[in-house]
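K.L.:
Make the full structure from the sequences, and use the hints.
In case you want the letters, here they are:
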Amino acid sequence: MSTQNDDSEEAQLKDLLAVFDATPKQTARMQMAIFNALEARNASLLREWIELVRARPLANAAMILAAAAPVIFAYAPLVGIMRQLAHWAR
Amino acid sequence: MEEREEQTLVLELQNGNSGAAKPLYALNVQAVYRAVRAQCAEDVEAEDIVQETFLKAFRSISSYRPREGIRFLAWLLKIASTTTHKWIRSRRRLDVMAPECLQVLQERAPPAPARNGERDRDETRRRLTVALAELAERDRRVLCLRYGADLSAAETGRALGLSESNVRKICERGRRKVLERWAASAPEASLDFQLKSQ
Numbered sequence: 001m002s003t004q005n006d007d008s009e010e011a012q013l014k015d016l017l018a019v020f021d022a023t024p025k026q027t028a029r030m031q032m033a034i035f036n037a038l039e040a041r042n043a044s045l046l047r048e049w050i051e052l053v054r055a056r057p058l059a060n061a062a063m064i065l066a067a068a069a070p071v072i073f074a075y076a077p078l079v080g081i082m083r084q085l086a087h088w089a090r
Numbered sequence: 001m002e003e004r005e006e007q008t009l010v011l012e013l014q015n016g017n018s019g020a021a022k023p024l025y026a027l028n029v030q031a032v033y034r035a036v037r038a039q040c041a042e043d044v045e046a047e048d049i050v051q052e053t054f055l056k057a058f059r060s061i062s063s064y065r066p067r068e069g070i071r072f073l074a075w076l077l078k079i080a081s082t083t084t085h086k087w088i089r090s091r092r093r094l095d096v097m098a099p100e101c102l103q104v105l106q107e108r109a110p111p112a113p114a115r116n117g118e119r120d121r122d123e124t125r126r127r128l129t130v131a132l133a134e135l136a137e138r139d140r141r142v143l144c145l146r147y148g149a150d151l152s153a154a155e156t157g158r159a160l161g162l163s164e165s166n167v168r169k170i171c172e173r174g175r176r177k178v179l180e181r182w183a184a185s186a187p188e189a190s191l192d193f194q195l196k197s198q
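Chains as they are written, first to last, in the working numbering: chain A, 1 to 90; chain B, 1 to 198.
FYI, nobody ran anything at the bench for these hints, they're computed from the structure.
Any given hint could turn out to be false.
Below are the SDA-like pairs computed for lysine to any residue, each with C-alpha atoms no more than 25 Å apart in a straight line [claimed, not checked]:
| id | chain 1 | residue 1 | chain 2 | residue 2 |
| --- | --- | --- | --- | --- |
| 1 | B | Lys56 | B | Asp150 |
| 2 | A | Lys14 | B | Glu45 |
| 3 | A | Lys25 | B | Leu27 |
| 4 | B | Lys177 | A | Ala11 |
| 5 | B | Lys78 | A | Ala37 |
| 6 | B | Lys56 | B | Glu5 |
| 7 | B | Lys177 | A | Thr3 |
| 8 | B | Lys86 | A | Ala11 |
| 9 | B | Lys78 | B | Ala153 |
| 10 | A | Lys14 | B | Ser18 |
| 11 | A | Lys14 | B | Ala183 |
| 12 | A | Lys25 | B | Leu55 |
| 13 | B | Lys56 | A | Ala68 |
| 14 | A | Lys14 | B | Ser165 |
| 15 | B | Lys78 | A | Thr27 |
| 16 | B | Lys177 | A | Ser8 |
| 17 | A | Lys14 | B | Phe72 |
P.N.:
This is the structure we're talking about:
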């Protein structure tokens, strides 16, 4: 009995809350705003990066070298060993 | 079927296919809007919050991890709840559920030039907002997600950081309160009250 009451109350509240549904106009308006903002953000990120590279080429080269440093340091000893091996082989 | 389709769309979006965003929006916008609008006083405010919610969700889609029995909608509504809370606080907007605003809502007459259907809808919304405002903020949020967005008790709990049994208790208590307040605010009810008191 109580479950039936609960079910009917739940259904009644769901029906009532449907009054807050978005109209098709609102749905379209929100969609346009969301996807325009996403596109604008993607475009501005790319533009920002290009402008940064153009404005400070030296600083960017330094940043790329800094990022590559761990790789260079990791492989440098390996290259040294390979060279020594090649020398002994000769 | 729809749930599987949705998970496929989410995966596509996570893999960089931005074309999956529009169908995901279409599948979820109504439920998100309904849950958010039930917690706001104005359409414009709800629209802003929904836009911000979807933008945040699409930008951080890589952090979404699907879970058994929990729909993507629950994740969206978790973001929506945080956004709604922050929106009202950070922008120092009027909290629609504050007593002084409620007074205004209760006294506000429906706009005259609207057509009959629209006037009824506005009046229903106004009465429902007032009835929901009787609840504590957390309880209102639970009811809006559970019945407005049609989440399960488990999904609601997951979205709001509550246990499933707690959600059930809040729902039982909350919906009774809202429905009682709703019935009491009907024009016929106030007429009955006036007749009885005479």
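K.L.:
Mind checking the alpha carbons of A:Lys14 and B:Ala183 for me, to see if they're no more than 25 Å apart?
P.N.:
Holds, at about 15 Å.
K.L.:
Quick one, are B:Lys78 and A:Thr27 close enough, alpha carbons at most 25 Å?
P.N.:
It holds: about 20 Å lies between the C-alpha atoms, which stays within 25 Å.
K.L.:
Does B:Lys56 pair with A:Ala68 here, judged by a C-alpha cut-off of 25 Å?
P.N.:
violated, 32 Å
K.L.:
Would the hint linking B:Lys86 and A:Ala11 be met if the CA-CA limit is 25 Å?
P.N.:
violated, 30 Å
K.L.:
Take the C-alpha atoms of A:Lys14 and B:Ser18, compute the straight-line distance between them, and say whether it is at most 25 Å.
P.N.:
With a Cα-Cα distance of about 33 Å, the restraint between A:Lys14 and B:Ser18 is violated, given a limit of 25 Å.
K.L.:
Straight-line Cα separation of B:Lys56 and B:Glu5 no greater than 25 Å?
P.N.:
Holds. B:Lys56 to B:Glu5 sits at ~22 Å (cutoff 25 Å).
K.L.:
Holds or violated: A:Lys14 and B:Glu45, Cα atoms, limit 25 Å.
P.N.:
Status holds; Cα separation ~22 Å.
K.L.:
Decide if the proposed pair is consistent with the structure: A:Lys25 and B:Leu27, CA atoms, cutoff 25 Å inclusive.
P.N.:
holds, 16 Å
K.L.:
Given the hint that B:Lys177 pairs with A:Ser8, does the C-alpha gap stay at or below 25 Å?
P.N.:
holds, 15 Å
K.L.:
Does the structure keep B:Lys177 and A:Ala11 at a Cα separation of 25 Å or less?
P.N.:
Between B:Lys177 and A:Ala11 the Cα gap is close to 15 Å, so the pair holds against 25 Å.
K.L.:
Taken at face value, is the distance from the CA of B:Leu55 to the CA of A:Lys25 at most 25 Å?
P.N.:
holds, 19 Å
K.L.:
For B:Lys56 and B:Asp150, compute the direct alpha-carbon distance and say whether it is at most 25 Å.
P.N.:
holds, 22 Å
Going through the hint list in order, the structure does not satisfy hints 8, 10 and 13.
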